[in-house]
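Student: In case you want the letters, here they are:
2 protein chains.
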Amino acid sequence: MTKWVYTFGGGRAEGDGALKEILGAKGAGLAEMSALGLPVPPGFTISTEICRHFLATEGAFPAELERQVAAALDGIAKVAGHQFGDAEHPLLVSVRSGAAVSMPGMMDTVLNLGLNDETVEGLAQVSDDRRFAFDSYRRFIQMYGDVVLGLDHSVFEERLEDYKLERGFTLDTDLDAGDWQAVCDLFKALVAEELEAPFPQTPHEQLWGAISAVIRSWNNPRAKAYRRINSLPDGGGTAVTVQAMVFGNLGETSATGVAFTRHPSTGEKILWGEYLPNAQGEDVVSGMRTPQDLTEFARCETGSELPSMETAMPAVFAEFRAVCDALEKHHRDVLDLEFTVERGRLWMLQARPAKRTIHAALKTAVDMAHEGLITRAEAVARIEPRTLEQLLHPTIDPESGGDIFARGLPASPGAASGTVVFTSEEAEIARTQGRKVILVRVETSPEDVHGMHAARGILTTRGGMTSHAAVVARGMGKPCVSGAGTIRVDFHAGTMSAGGRTIHRGDTITIDGGTGQVLLGAVPLREPELSGAFAELMEWADTFRVLKIRTNVDTPSDARAARGFGAEGIGLCRTEHMFFDARRIVAVREMILAETRSTRAEALAKLLPMQRSDFASLFEIMSGLPVTIRLLDPPLHEFLPKGEAEIAELASVMGISPAKIRASTHALSEANPMLGHRGVRLAISFPEIVEMQARAILEAALDVADQTGTPVDLEIMVPLIASKSELDLVNSHIRAAESLVRKIHGRAPSYQLGTMIELPRAALAAGELAKSATFFSFGTNDLTQTTFGISRDDAATYLNTYLAKGILPHDPFASIDREGVGELIRIACDRGRATRPDLKLGVCGEHGGDPASIHFFAEINLDYVSCSPFRVPVARLAAAQAALQNRDRADFSFPLRTPVTDPTAR
Amino acid sequence: MTKWVYTFGGGRAEGDGALKEILGAKGAGLAEMSALGLPVPPGFTISTEICRHFLATEGAFPAELERQVAAALDGIAKVAGHQFGDAEHPLLVSVRSGAAVSMPGMMDTVLNLGLNDETVEGLAQVSDDRRFAFDSYRRFIQMYGDVVLGLDHSVFEERLEDYKLERGFTLDTDLDAGDWQAVCDLFKALVAEELEAPFPQTPHEQLWGAISAVIRSWNNPRAKAYRRINSLPDGGGTAVTVQAMVFGNLGETSATGVAFTRHPSTGEKILWGEYLPNAQGEDVVSGMRTPQDLTEFARCETGSELPSMETAMPAVFAEFRAVCDALEKHHRDVLDLEFTVERGRLWMLQARPAKRTIHAALKTAVDMAHEGLITRAEAVARIEPRTLEQLLHPTIDPESGGDIFARGLPASPGAASGTVVFTSEEAEIARTQGRKVILVRVETSPEDVHGMHAARGILTTRGGMTSHAAVVARGMGKPCVSGAGTIRVDFHAGTMSAGGRTIHRGDTITIDGGTGQVLLGAVPLREPELSGAFAELMEWADTFRVLKIRTNVDTPSDARAARGFGAEGIGLCRTEHMFFDARRIVAVREMILAETRSTRAEALAKLLPMQRSDFASLFEIMSGLPVTIRLLDPPLHEFLPKGEAEIAELASVMGISPAKIRASTHALSEANPMLGHRGVRLAISFPEIVEMQARAILEAALDVADQTGTPVDLEIMVPLIASKSELDLVNSHIRAAESLVRKIHGRAPSYQLGTMIELPRAALAAGELAKSATFFSFGTNDLTQTTFGISRDDAATYLNTYLAKGILPHDPFASIDREGVGELIRIACDRGRATRPDLKLGVCGEHGGDPASIHFFAEINLDYVSCSPFRVPVARLAAAQAALQNRDRADFSFPLRTPVTDPTAR
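These protein sequence lines map, in sequence, to chains A and B. Residues in the first sequence are numbered from 1 upward in steps of one, following the UniProt record's numbering. Residues in the second sequence are numbered from 1 upward in steps of one, following the UniProt record's numbering.
Hints may contain errors.
[Unchecked claim] Within a straight-line C-alpha distance of at most 20 Å, the following computed SDA-like cross-link-like pairs (lysine to any residue) qualify: (1) A:K805 x B:A430; (2) A:K805 x B:S732; (3) B:K724 x A:D811.
Hints were generated in silico from the structure; no laboratory data involved.
Chain A with its partners taken away, still in its complex shape:
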């Protein structure tokens, strides 16, 4: 008989932390804590398999499940000492979702389940708090009504507001037990009226209703959107955890809180968190009440007047601190904990790897390795490479003296400028239009995730460091200022005001999530300094890494930045980017519009010294490292003037008619420029361009070698090759330039000739190409375009539909398509190496900076990847992780437990 229900509690558990796929992250965590003997309210988890069965059968449960649930309920009753549905001493339960990978707030939860007109009296008796009992009951009716019965929670809110208005109450605390009882009756009447059926009174019916609703919430729109954004599979399903309720709102000896075993922003080794006395858990998370500090140390730091938990309930706090220490040692990671104190007794409700800033992730990883808690390899493996980009993001320049509009909490680091929008819909629209916006909300909810994703930064006026906005923004690596309470937002007017000043929708502001500042206008930003932990971890990463990391740069400033970030050479220098310079473009256009070889030669002669000095700077900066120069690639019409003004200007400079320029532009225009007259095809039509470029490259290399005393490690690369004969013809022109250089200077530098592999045919012909090329550089952007037959410029119109309908697992331009494009790369590597075993193999498409793609490139043993300067640290770390994973795969003795944990991004 299949086991679908796993019990925990009372110092025992049927599952453990390894069973996330079956029990969900939450269920597995509870089982793990329970098995460790920690105080966990008893409960059971229904396996994810039931979710898949339920969804596949459109709402059916296996017959046997009911018996297993009943047995587990009996088990809870035994540990808790009271019975589900018992009128005198009722057991209340929570029913929660839980996927293998946590999706915070995305699915539904029902609390206080088991209450009805009978058991509420028992609860009042047992708790000796009638007000608490009816308050709980009305909360339950509202939540159940919303989640299970499908009534909007606002209809309950309105009924409550009416009740308070009638009686002149302002705050919930103005209501006494009798009031709450009356509200319960109003709520029940509301349900009966809306649904034409009474509110379900049997706990059994309530339970199965809640289980079904929680399972169904796996497919609600925001859960699906979250999975899409986070590249999570749709097929896993959620587990359902049913657990005895404990109450933090039973008076002043009760409390509830959340804690991190180390500081989630800085990574400092201090217990850090927030709690609220006499409150339920959602009061902390929702940001409705401002929480109090956990420790006395933190209270002093924040200057809060409210007592810390350490002071208010020292014994329970001491027990909690011991639990924290034990859990961190056990899990060997920073944990995010939820707890409740019920009348002086500590209950642990959740333990999971803590979301933390990249600063904290780096510091804790490095610290834990120093503490001996984890190995250096584990430290390296724990950092999600993409998050390093945040480190490289700018912060506000303190010298800039920006005009501070308001202050909030430094909820997620980094600074960003953008125009103000007040809804997630506006943010999404702005993104599609390429505008940068800051999303301003009173507080965020899971419905805002798509808008947060679209915005450059998030500002909220309510909520703490653990509010929804703060947690999600940290996960996304976006700047966030939360709880900026002095700001008042008027959604109707589209304005926000503070200190007598008003900002309108569309005005520009700057936020700094590292300091909590909100500033007027676009404030100058400062490049980040990298922490010691970053440097140390990168150093460790480099000891594991096999893949070399180069960079794609065209300018000296980018080249210097990239070398600073650890680039080991230039993998792609696009010579044409130099052509667009205002002082050069006229000569470029003269060259294109030349009608004879001799006028073309004149124009090229003007370009020669410019190109030579460009190359010389790059060679100097990269001294000692390889530099790959790609010959001219884009179609010539890209360089021609576009508007009438530009055409007129060029006409007067060149002394030809505007009509002639328009005619040339027309003649050069193409139906499908991506597949047109570009790359090596230009070199074959206009060999004189190749000869000029080759001469500039070779002469620059000679100069720099003379100046620096180090020969340039020079690679000349030909784009858009489809066959060996193209490469050979271009090489003959390069050799002609080499002869000329040798004639003029008495010598010529050595160089390697290579080809881009960016057409399927080149991949297939790699065996032939390797006879003439000593290196291949995969142009994965173009290779993806041609392999899929998708124009990247036009894909927006349908690629989102493809992702939404699950036809593509991810955007193949962002992360390499292993099955299609990847196979062509594999074929090219195999065939190329068969011809030339020491063939150098690299990637210069944008996938070179994508961690998932880098894993693939490491797997197939490429020599290097090349990416934009800011991606270089990302690539270094991803390459190290790939090497560790490959080592792990090859040699099972390696003790890495979680090869690529991603503690921060989800």
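Dock chain B against the given chain A, drawing on the hints supplied.
Tutor: Just chain B now, kept in the frame of chain A:
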């Protein structure tokens, strides 16, 4: 020691007909005839290897060659009985080119070599004809001056004209021996003056000069152009044949002529040819004198008053007829022979497979098989499939009563209309502009080949059925009328006149190369009737063929034509072509511009009955045969109105603003439409279009099955697939339509679901795709575009350069690229069949009608190819030849000697 020189003559030969690669076609033919004991003037052939050596070393000969040539010259002298350079009894020789594949007229020749001031006197003595001797000498100086010394032959012509003018002569026959001697002196003076060196007098120097010049002519521009047009390799080189001269111009017992062993236009089994008494060979070929008939039968037919050779020199004619019979039996093919009669003695100068019309090729192949001379398989193998297209070309409708402007010879069959041009340059320009032209020349020369290639038909006012124009046009399969002597051309004025009427450049005429008529204007043409020989040969071909031949059609008339040509089903029906119909396009545009699903549904509802009736007609015509319908493929913007007038019209019909239509057009426009929102991507964005099309297809199939009693063999094909999930999603929409049809009609027809393979990724993913698809159809046009990254629309600007520089061996859009595109097809077949062994595999790109590509498709065991209706017979024959070749390869017992001879096209 390497043998470079091969002698022949005197009933012996060192080589034979099999050595074409070494001796060239001409040299091998002479050796073969000589070995058979036929009367061949003695000579020797220098191997093609010397040409390759000479060109590679920029003009050097191996040291040993001179000795071999000297020995061979001695051999000639022994057989001929007189010595090279001997003053009293001089041996004169011709020096001719000869490639492995004949390139008529493209390379250079020198005749009468060996004459100088001394030997000319000897020749006068021996021939007893002083006038002949000096005429020969002046011809030699002129030809040598042109070919070897690089003087334009017109400078000699001018000097001769001056001489005649001074003395009041009109015709060459007015000059006597003394005049010719004086002309020789003038010519020698001219050479000395132009080159500052005397005309070479030693025969040895003359010989080596001529050999070098002939070799160099391998790379003259027209030879290179000819090889490019005919897809011949550049690397082979020419052999050089040096042969004793014989003279057909030594009085009335001498003659020269050309003959075909069967009629080259009709294929009738009669000896057919032309001769000229007292003339040299070039007089016949050049068309300067009107030749006489060879046989009395032909003379009666043509009604010529000049005596036939059969009557004029009966003994020699009888000998010649016996030689013809022997040669045809020996070669088992129709031969094209050149001969000279020198003072009553017959000499055979050349024998090669005869160029013939496709009518003649079919008839002779079928006749020879009936005669038992060749097998049926050989008959099938001998026809170049492409030439069948000529048969299908229209002829002038005799009922049309066109206005006849002039008559000429029916030199190459088929009729064509076009505007008149008078130069090959104009013809070329017109082709690039897409205009159809008829090239009109007095006579054509090898310099005109490119213009003939560009024109739809050729008209000459001089020359016979074996003139340059006639031979080349037949080879090209183009209509040609030659020798229309009543027409007078005025190149300066750009006009031609006949019978008092004048046609100007740019006027339209029609020529009928089957009747020799030249008509005014564009005359209605009639579809051809196919001969019995064609039908019989195609029947034989079908017995060998394995590959099925389907057709790409969208209209009932094309479908009927294709079925008439033997199509075995429809391999591609492009549903969108039906959308462009004037009565439908508005509904299509409404569908595209619809802003809601419901307005789109309304527009689709209008299209449904139209599509249904289109499909029904095709199913009816193809009853019993498979029909593949492709779902909508092109990007939607293709259907939108282009000009302001069209936009205004649509706006008024749809009741929306022109601005809205322009905005939609703009929104739908794409940077690279070829890689854009089309094919299956449309189906995924607009599933309602798929559902409409699927319903129309299925309902039409139901209707036709009911009417005809035969179920429709229905295949639905999805274009531009890159992954299985796309196919599955589209299939779910087709299934929805199927359910609807089943609901409405109580049943639905069965169908197969398949995919086009036209993206590299689809080829790689074929194993997965075959799980959902029961057939693949390779869209080789798009697959070539994406594999090469070449837009067919834009390729013109550089593809010609690629072909000219030899970077591509042929246009990959015309003939499949075996290495790249072919490998992807192979991969897809292997993977697809591994998943589904009975997977149906076909091709529906244009390569489906290209013989070379069909060979490839047969090699990899595809099930069918699909091509345009007029290519169906071509494909049937090519498929049969491919099957024979494969059988030949698998089983060496098959006696096919020349698997794909191409006797007609070169």
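Student: A separate judgement is required for each hint: does it hold in the structure or not?
Tutor: Against the structure, the hints:
1. A distance of roughly 51 Å separates the Cα atoms of K805 of chain A and A430 of chain B; the hinted pair therefore is violated under the 20 Å criterion.
2. In summary, the hint linking K805 of chain A to S732 of chain B is supported, as the alpha carbons are separated by about 13 Å, within the 20 Å threshold.
3. Taking the CA atoms of K724 of chain B and D811 of chain A, the gap is about 16 Å. The hint holds against a cut of 20 Å.
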